[in-house]
Amino acid sequence: MVDKLNHDGSIIAVEHVNFFYGTFKALTDIHMLFKKNAVTALIGPSGCGKSTLLRLLNRMNDLIDGTRVEGRVYFEGLNMYDPNIDPVEIRKKIGMVFQKPNPFPKSIYNNIVYGPKLTGMNNKNDLNALVEKTLKQSVLWDEVKDILDQSALRLSGGQQQRLCIARALAMNPDVLLMDEPTSALDPISTAKIEELIDELKTDYTIIIVTHNMQQAARVSDETGFFYLGKLIEYNETKKIFTKPDLKQTEDYITGRFG
Amino acid sequence: MKWRYFKQHLFFWIVKASIALIALSLGGLLVYIFVHGFSALSWDFLTEPPRDAMTKGGIMPAILGTFYLMTGAIIVALPLGVMSAVYLSEYSKQNRILRTIRIGINCLAGVPSVVFGLFGLGLFVVYLKFGSSILSGSLTLGILILPTIIGASEEALKSVPQTFREASLALGVSKWQTIYRIVLPNALPGILTGSILGLGRAAGETAPIMFTAAAFFTAKLPTSIFDEVMALPYHIYVLATAGTRIEETRPIQYGTALVLIALVLGIDLIAILFRSYMRRRKSW
Ligand SMILES: Nc1ncnc2c1ncn2[C@@H]1O[C@H](COP(=O)(O)OP(=O)(O)OP(=O)(O)O)[C@@H](O)[C@H]1O
Ligand SMILES: [Mg+2]
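Heads up: the sequence lines are chains A and U, in that order. Reading the first sequence from the start, the letters are residues 28 to 285 in the working numbering. Reading the second sequence from the start, the letters are residues 6 to 289 in the working numbering.
Among the clues, some could well be false.
[Said to hold, decoys possible] Here are the computed lysine-lysine pairs in the DSSO-like style, where the Cα-Cα straight-line distance is at most 30 Å: (1) U:Lys-225 x A:Lys-52; (2) A:Lys-120 x A:Lys-219; (3) U:Lys-180 x A:Lys-127; (4) U:Lys-98 x A:Lys-160; (5) U:Lys-163 x A:Lys-127; (6) U:Lys-134 x A:Lys-144; (7) A:Lys-270 x A:Lys-127; (8) A:Lys-119 x U:Lys-180; (9) U:Lys-163 x A:Lys-119; (10) U:Lys-21 x A:Lys-52; (11) A:Lys-127 x U:Lys-225; (12) A:Lys-120 x U:Lys-180; (13) A:Lys-266 x A:Lys-133; (14) A:Lys-219 x A:Lys-52; (15) U:Lys-98 x A:Lys-52; (16) A:Lys-219 x A:Lys-274; (17) U:Lys-61 x A:Lys-133; (18) A:Lys-144 x U:Lys-163; (19) U:Lys-98 x A:Lys-120; (20) A:Lys-133 x U:Lys-163; (21) A:Lys-151 x U:Lys-98; (22) A:Lys-119 x U:Lys-21.
Everything labelled a hint here was simulated from the structure, so no lab data went into it. Fair warning: this is a prediction, and the values are worked out from it, not measured in the lab.
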């Protein structure tokens, strides 16, 4: 039996989670609900555990030897760390975009159909339609529609990142985790991806890590501020950036510390 | 000041001399064998079986035998080696058992080849009753080159960027499919190059096959993997040590050596060309 729980309006619920790399405690007593079809930003100084939390949400931390999770993480009411749950199934539902664009050394087309093909989608027309749909979603279609057979590695960094988003969308996930998706990109590509995030939130739940305060303010509905592995403040973005509850949050946002 | 200057020059001189010595002995060896063996080479030498108690004729059965043994060795060792490497570098956790396995593999690489020959004799020829045959020889040579193939494969697997694995796993693709679809294809050039180079070494080995596969002389070509074959290195050994007409067959010995060297260098050359071709194509 997988234990179930109801958290109204939220798609992911993190309950009193501690996380360890070996003996090092990287997250302490994290308690946090992620709203469905909203954009949640995770901010905080380097090393405070933002990426760790993000990777915890689709069990990517499982891949690191010697890690340990205490507490519970619910996805749509299911405890995703229950031994009966297959992390592979979780990752199909909760996609991820990395800090550095990481397309496969394959064609643009094959980057997108790679995942769907392995999960049994074989009809050529369906695949073609999927490629077009996801590339349009990620606002890359017009730039690449004539070069779908070209290697993805020949695209620019910003284009590669949008391709990675399209690739993640092709698995039709419910949640998209983004770890500093624009930190390696120029301002124009960054603006494109921010627009994209805004459009995607009607269909997806997005959780994004960013070091860019303006970006957090622009794209997110909720913001969590982390410091030394703890969730210091979690509030509506508007509130966090205008009238945060805590002085520590205000200091960080205004650049007075961190 | 002068002394230091002198010391520096002396050192350079020693280094250069060592390189020259190596180049000279290698070159000398090649030239020596070429000079002595070239007269024996002819189309018939490559395509005819030996005649007149091996004092005349060609070495075709030995060329063919070596070819069969190498093919067999790679068929045995490549899948086994690649799978072991996948286990070692993709699945196993770093612990004491793994370290022990690694040390074992390294030891295997240092075992004298005649020991492999005896092992093959005991296990394949006698115990499993494969007899002295292509099968026994291939298995023995396969085990001989296994450490090389495992090493090369592990190297190649490690060189595939971790980000590729993460990208695939994050899509909800299973670990095995990630390895099969992403990691192995990208590691394949490295695996093949390393394996072919390892194979080149096996081609010249005499000891592992002399008890397990190689025939002193057989005019008939093998018809199954349970037949004995002649092989180039063993043929040289036989002509140079056995029988009463050793002097008479010198040209054949050198000719055979020349063919063997050409074969090994040819294999290495193919591996190196393949590698540089794949490197130029590689985009990450
Ligand atoms: N694989 C790992 N093994 C051991 N410790 C790790 C590992 N990954 C991260 N840590 C540690 O966990 C803490 C949190 O790291 P994390 O990467 O989550 O920080 P972050 O908030 O994402 O930082 P940044 O903004 O620099 O990306 C850090 O102290 C880091 O050193
Ligand atoms: Mg990080």
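Quiz item: Among the hints numbered above, which are violated by the structure, and what are their numbers in rising order?
Solution: 1, 4, 6, 7, 10, 11, 13, 14, 16, 17, 21, 22
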